[in-house]
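S.K.: Please work from the sequences and hints to get the whole structure.
Heads up: the sequence shown begins at 116 in my numbering, then just goes up one per residue.
Think of the hints as simulated: they come from the structure by calculation, not from any bench.
Since we're looking at a predicted model, the values are computed, not measured.
Keep in mind that the hints are not guaranteed to be accurate.
Calculated pairs, BS3-like style, for lysine-lysine (alpha carbon to alpha carbon, straight line, at most 27 Å) [what the hints assert, rightly or not]:
1. K139 to K189
2. K218 to K139
3. K247 to K218
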Amino acid sequence: MRKLLLILSVMLLPALSFAAEISKNSIKLTLLSLGSGATKVTYERAFTPHISAEVTAGRIGWGWDWLNHTQDNKGYMGKIAAKYTFWPQPKTDYTWLAGMYLKPEFMYTNFDYMQADEDYYRHTSEFGAMVKLGYQLVLRWFTFDAFAGCGYAWGTGNANDYFHGFLFYNGYQNLAISMGFRIGVAF
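M.R.: So this is what it looks like as structure tokens:
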């Protein structure tokens, strides 16, 4: 819990400075991942009003696994994405980060877990390539980012069909889906 409070405190530091510059960066926390046993933090950098890139790092085991009821999740995950914002919110003079976007994303997860009724560890290593559609709202320093997407995933699989970044659609192997939201700060 202390680690989560430290992350949130660091995320709020840019909010204390109300500079007149255009926001080209953001740091976001994926809230739903906390309920699946992971903490994911995303850094975004805008290069133009329509092009930006994201890097997400996650620590599996920092959270509460209410979703899958597994124990002792331990591992990590990462994502990289390029974003193209094609329908910006009403133009503002303080951010390049806002608007509706399309992004191709590549992800990797690697973790150990124990099922609730077992006493041995299982290992999962998965890759995914997805396309996501989303909308990011920026109100001065506050950022809200909602997204959904689908794509192709491959790897070792696991008993829960959950990979800390996507689910398999209706049990179909390799057809991955993902949706969620993030909150954060723009600076």
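S.K.: It remains to establish, for every hint, whether it holds in the given structure.
M.R.: Structure-based check of each hint:
no. : hint         : verdict
1   : K139 to K189 : violated (33 Å)
2   : K218 to K139 : holds (17 Å)
3   : K247 to K218 : holds (5 Å)
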